[in-house]
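Protein chains in written order, with this note's numbering: chain Z, 1 to 900; chain F, 1 to 189; chain W, 1 to 345.
For the record, the hints were derived by calculation from the structure and aren't laboratory data. Errors might be hidden in some of the hints.
One-sided and incomplete, this derived list gives chain Z residues near chain W with beta-carbon spacing under 10 Å [unchecked claim]:
#1 HIS537
#2 MET799
#3 LYS818
#4 ARG820
#5 ARG824
Derived pair list, reagent style PhoX-like, types lysine-lysine, alpha-carbon separation capped at 20 Å [unchecked claim]:
#6 Z:LYS744 to Z:LYS719
#7 Z:LYS765 to Z:LYS818
#8 F:LYS118 to F:LYS104
#9 W:LYS58 to Z:LYS870
#10 Z:LYS867 to W:LYS73
#11 Z:LYS81 to Z:LYS655
#12 Z:LYS818 to Z:LYS744
#13 W:LYS309 to Z:LYS868
#14 W:LYS73 to Z:LYS899
#15 Z:LYS333 to Z:LYS704
#16 Z:LYS133 to Z:LYS671
#17 Z:LYS744 to Z:LYS333
#18 Z:LYS714 to Z:LYS697
#19 Z:LYS818 to W:LYS58
#20 Z:LYS719 to Z:LYS135
#21 Z:LYS867 to W:LYS58
#22 Z:LYS697 to Z:LYS460
#23 Z:LYS868 to W:LYS269
#24 Z:LYS497 to Z:LYS474
#25 Z:LYS286 to Z:LYS261
#26 Z:LYS122 to Z:LYS133
#27 Z:LYS870 to W:LYS73
#28 Z:LYS322 to Z:LYS697
#29 Z:LYS765 to Z:LYS867
Covered, in the sense of this in silico footprint (three residues per stretch, anywhere, with C-beta under 8 Å from a C-beta of chain F), are these stretches of chain W [unchecked claim]:
#30 50-61
#31 194-207
#32 214-226
Keep in mind that this is a model prediction, so the values were computed, not measured. The C-beta atom is built at its ideal place from N, Cα and C for all residues, glycine as well.
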Amino acid sequence: MKRIKNAFSRRDFLKSSAFLSSATTLMAGANPELEAAVPEPAAAAGVERTTAIAQCPYCGVGCGTIIQAENGKIVSMRPDKDHPTNYGLQCIKGLTAAEPMYVDRMEGDAYVRKDVWDEWNKPGHGDLEFVTKSKGSFDEEHFVRVPYEKASEMVSHKVANFAKKYSGNSIALYGSGQLTVEGQYLENKFMKGVLGSNTIEANARMCMTSAVTGYFATLGSDTPPLAYEDIELCDMIMHFGHNARESHPIIFWRAADHKKKDDIPTVVVDPRRTGTVMGYEDINPKNTVHVPVLNGDISFLNAIAHVLLKDHDDVIDWEFMKAHANGWEEYVKGVRENYSPEQVQDRMGGPNHDVNPALIRRVAGMFADATRKRLARSKGKQSGQGYGGVIIMWGIGYNQHVHGQHNVISIINLLTLTGNVAKPGCGPFSMTGQPNAMGERFTGGLTGRLPFNEPLNNDKHRKQMAAAWRVPEKNLENAMNSQNPGYAVGMMERALKGEVKAMFLVYATHIDLPDTYNLVRPALTKTFNVVQEIYRHAPNNLYADVIFPAATWGEVNGVYISSERRINLCEQGGIPPKGCRPDMDMVIDKGKEIANLLGLDGEHIFPYKKLADGTYDAQEVFRDLCAASAGTDADLTGILEVEKVDGKSPYDQLKDLRGIQWPAPTYETAKNGGTKRRYMLQEGDWANRPYGYFRTKDGKVHMKLCQQDYSNRKELTEKLMRFGVEEGLYTIDHQDLITEARDKGVTPDLPDEEFRGRKWQDVPKDKYPYWMGLGVVYEHFHTAKSNRSPTTRRLVPEMYVEMHPEDAKDLGIQDGDKVRVITRRGHLEARAQVGSNSLVKPARNNVPRGYMFGPWNLSVADSADPKKNKWLANAITSRIWDPVSGQVDFKKGACRIEKI
Amino acid sequence: MERRTFVATLAAMAAGLAGMPVRSSTGETEIRYLRPPGALDEEDFLGRCIHCGQCGETCPNRCIRYFGLENGAASLDTPYIVPRDKACILCMKCGEVCPTGAIKPLQRELETILDGVKMGHAWVDESICLSYQGKTCGVCYRACPLQDVAITVGRLEQPHVTDKCVGCGLCERSCIQMPQAIRIAPSHA
Amino acid sequence: MSKPNSGGRRFLLRRHLNKLRWLSLAVVFAMLVLLPFLHVYQTYVAAHGYDLLSPDEKLLYDVMEAITSPFVKEPAEALDAIKGNTWSGTIWGFKMSDPLAVVGQIAAGHGVHWPFVVTVAVPLLATLLLGRFFCGWICPATFIYELTSNFAALLKWAGIDVGRRRLDRRLKYGVLAFGLIASAASGSILVAAVYPPAIIGRELYYAIAWGGLGAGAAFFAATLLFDLLVARRGFCRYLCPGGALYSLLGRYRAVRLRRTVETCNDCAKCNGVCEFGLDPMRDGFGQECNNCTACVAVCPTDALVFTIKVVDVAPQGPGHLGRRYRHGEASAAPSPAIEAKEAAA
């Protein structure tokens, strides 16, 4: 008698049964083991199978994927072999993207806090500013279920009331790089055009804005100039703060394949010896270099420039700089005088970080040789028709610094110095984290920005957008004049101060913001929060006053933009659960209602029509967007031209071409898939271009010498470490300090290194001897989805912290011990993973001495509930932000370790 | 009455037991199973295991389950693991708690595990494995607790199982292909 | 504890041992039910996914957490302290096993594995001292069988007849022998499949942790029917191989019952209540007595006491307060009342 029942019994809380049993129907063939393992038989008759093309919902590479659905439910992914980004490759995150679709989903009516709903139902709607008192819990007992229209009505009235009483800038929105471009566009229209608020931020702020502002400062526009094809054309790749193999696997393998074929040298700049380094070393250890710089990247880059100027004068592109750059004289002078490899040694990192002058010179030599290869192809002339040279890629590890913008500017400085820019096969290539973070940047859904890469204070463009959005110009002026200092961090600090009254959180979790328990959660407790979420137990729901169940990627139509500016179509693959609406639709509904309440004409501003299934037509919004982009840096009107002439709808164009790289200002460019490369010295010759070869006011690349100076580091950092510790101390009130921190290129924390070498019990409780960094792992993307996906969750099930074996020995910590990582601001619990033979999974990367690393994406894996959650990684991070980019440094905290 | 009943009952029991299939050398069940980590060789294991159930009760991963009669009477109530359903995470608690040493008490330490655990050996079906079919997967490599010792990856994360594999089955459990492209060949078969 | 009765009924501990026994049986059974729940709870804790549990699973988690959190901070590790069942278990690292497990394993494994054999030390010592006390005080099957006996008494009161046959006690030694031979022949401890406490320990675990039951449950159900329909405590008396082994080991126990013949009045209530069908009224305890102290509790004159002797007292004849003794051999034949009572035992 068989005792053990169905293998995927109800005891298997990972709920993999639904996924696996339906997925079996797609794999033909009788396999006795398969039948034994999953007894549910495949239903052949009556099953409707459909496919839809989309861009993968995970990282910013933007692989083409095909969604497979049965009877309206998404069951699996297949890579799209016709997509030029991945050619049918896909990593496990993408391959398992169907798994978390239906785990823990909300459906049906909206959730409203009981006390809020009671207050609203009082005569005269009671106190319109009422905020729920039951924050911090998302248990059923605190909510009532309210039909969407009624909940939406209440939200609109309350928000309109706040806007009227306290100005539109008292309303904030925290948006997402995973929302479709159409949704992001309308969010920005709503916040700036309807409410006149400048307080709109997105999770892109924590990810990419250093690259954004770096591009703006140098090239004049947030435009990664290259395409992925340039990988196969280059002669050398450098990765700064980029564990490509784990974060952008497909790009890594393309680079690795190129290395294998053409034996190009690769340099990885990262404190840890990561899988990326080891993958390259497997191919050729002789031309793979690992440079373990800790925060001193600006100095490192300047030092390379110094060596090139001194010893490799033949690769310096004086002509280019004279013709197309300004600020280069100061730059050259500065690096010559102050940034020799010997002079920068104090900034290369702590003990055992072997970035000695010889290594710097070696890397400079490799850089020069790669540049020479390009010169050889262009017959010895920098301005010849050649291709190749050096591509510098960077990721979030590089952007997330208090001097992040300067980091990016330093890269572009070096590339411009050597002419490794404005040609195919070389240049700066920022890797976006989220699938559509570029959409957030493109649609200007950030403080001070408008769509199409223009700021609010560009008068001409502001007027153009007001007309395109059909909103009063006055609203945009109000937005321009409203202050949101500190960007995302500042938004939260203003909420703490009582200046932000209400917040929309759309498709973005609050736990990616730093200093959760001192900054973010106290702030969210004060504001009236309207949340659009898909998961019932999402952390945002703990602090929501109203929760609207939303439809997610794969259930809506829209477009995403990948790292190489490719606009990819994401078709609807499955039908969302009952009651889940697309985020875009909910923005339209609220936008209309609030516009009407504020005396505007909602229908005029949002004239979109609904389709037969009750949702709004995203393509109509896309057309609207394309039309509005006329004449801008991101002109997409060519797509509309193609529609007019050839009768092909924009989405069909995107589908057939497998994406169009923006801009596409003419019929020809749109027909040919957009603009493959930007700023290749071709744009100055374009008709109707109001700017020169680059998008700056003078048409030149703006080089700027970025400094790094550790001479008064200790005093400066001591001041920085007070934020998050002392009550009532706000960074937005100390912007001079923030600016000084950026100018000196320091870290937000400084560890008490003299207390290293002691057993953990012997470290005083007010000392923090080690560095602690947070980052990503291959198996997880952000926090919510991959933790609900059985495959990826099984691979990395537990929070861990990587430790160097010598450090662990000093501390008296064994592999597998449970430890507490404590910083000034908070703590988290994790398993100690000591060395690369650890039995705590995964055991892949090697941290240097004095440095510890943990993933941040397991932050809610045990529970979003603060009572149960011990893995919330951002409890420990510092909120100090880059004055221009707004990014914070998640990788240089100072911590103490305690054994539990 | 007493002596007759005595003999009669004995005879009945003998007949009953004779009817039950006793373990054959290859096992009766069609399910491919593994024994817990550190288990003795199959014959010794069956002679030592007292069917107390403590190994399953201590397993934090809930991968250990117990046979009924489907694998023969000798395997009745003995522990087994089906890696595709739930694989062993090599926490080694079962060996600690086993009173008879049917599962040897082994320290949770790399060398000890490599020497003492012989659950089986993984092998990759390259015709199904995604990484050999132009995707980049590497899930099995990442699932392996003895990464770079029992399994390595090459280009496009293609897995290569070394001879050090102990057969815990985490790779088979994690394989995202259907049916799984990597599976454990049990050591007892 | 061995004071003869004099005057009013003052408190005597031995009269209340039966209640203590019920408590002991209940506690053991409750532990066998609780431990699998705790194990399931431990696995939920180890899996770090409270929010993804179903409502039933959350209920289990919350209840177990409420029960254990005053005592235990790290449930994933600390709750490993107590594992197993009466067949073999661990209490704070100290392992104990049923003697039948040891003997069975030696038979099945064709050899002695000393680290396992030493785990029988405490149970063995206790059995050598106290005899078949396991069957009376600890065995989880006893708990069920006792409840069944009470149920049978209820049925009898309602007029439904229950099984009252008497079979040969030596049968179980045959079962023991056969079980050991079968284990040796097959190389696997088959005797564990027919030993109710091992079955119950396993089946409770299977039922709670895996939601299913197996062959053992069917077997145990059959023994329950046997109890109810054929013979009171039939399996324990006539078929249990473990009981057989305990009886053998407890043959020369140090602590045993003795009838104080001076205060006995031959009422035969002790025989009526003895669950193993022994003959306390005629000093017939023997190796089968499991110290259930039912007879001690029921004796109206508190004539039954515990004593330290390695053999039973030789038959002492009729109780001095009884009719036979007082009225001589004329009343040699036992009274119909006594006969009836004995027949009912």
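Is LYS818 of chain Z within 20 Å of LYS744 of chain Z, Cα to Cα? violated, 37 Å
Classify the hint on LYS818 of chain Z as holds or violated, based on whether any CB of chain W lies nearer than 10 Å to its CB. Check passed: Cβ of LYS818 of chain Z comes within 8 Å of chain W, closer than 10 Å.
Keeping to a limit of 20 Å between CA atoms, is the pair of LYS309 of chain W and LYS868 of chain Z held or broken? violated, 59 Å
Hinted pair LYS697 of chain Z and LYS460 of chain Z, Cα distance within 20 Å: holds, 14 Å
Are there three or more residues in the region 194-207 of chain W whose C-beta lies within less than 8 Å of some C-beta in chain F? It holds, with 5 qualifying residues against the three required.
Just to be careful: measuring from the Cβ of ARG824 of chain Z to every Cβ in chain W, is the smallest value less than 10 Å? Interface hint status for ARG824 of chain Z: violated (26 Å vs cutoff 10 Å).
Just to be careful, I want the Cα atoms of LYS867 of chain Z and LYS58 of chain W compared with a cutoff of 20 Å; is the pair within it? Holds, because 15 Å separates the two Cα atoms, which is no more than 20 Å.
Check whether the Cα positions of LYS870 of chain Z and LYS73 of chain W lie no farther apart than 20 Å. holds, 14 Å
Proposed proximity, LYS818 of chain Z with LYS765 of chain Z (alpha carbon, max 20 Å): holds, 18 Å
With the threshold set at 20 Å, check whether the alpha-carbon distance from LYS714 of chain Z to LYS697 of chain Z stays at or below it. violated, 39 Å
Checking one constraint from the list: CA of LYS322 of chain Z to CA of LYS697 of chain Z, max 20 Å. Satisfied? holds, 16 Å
Regarding the pair LYS765 of chain Z and LYS867 of chain Z, is the alpha-carbon distance no greater than 20 Å? violated, 23 Å
In this structure, the hints that do not hold are numbers 4, 5, 12, 13, 16, 18, 19, 20, 23, 24, 29 and 30, in rising order.
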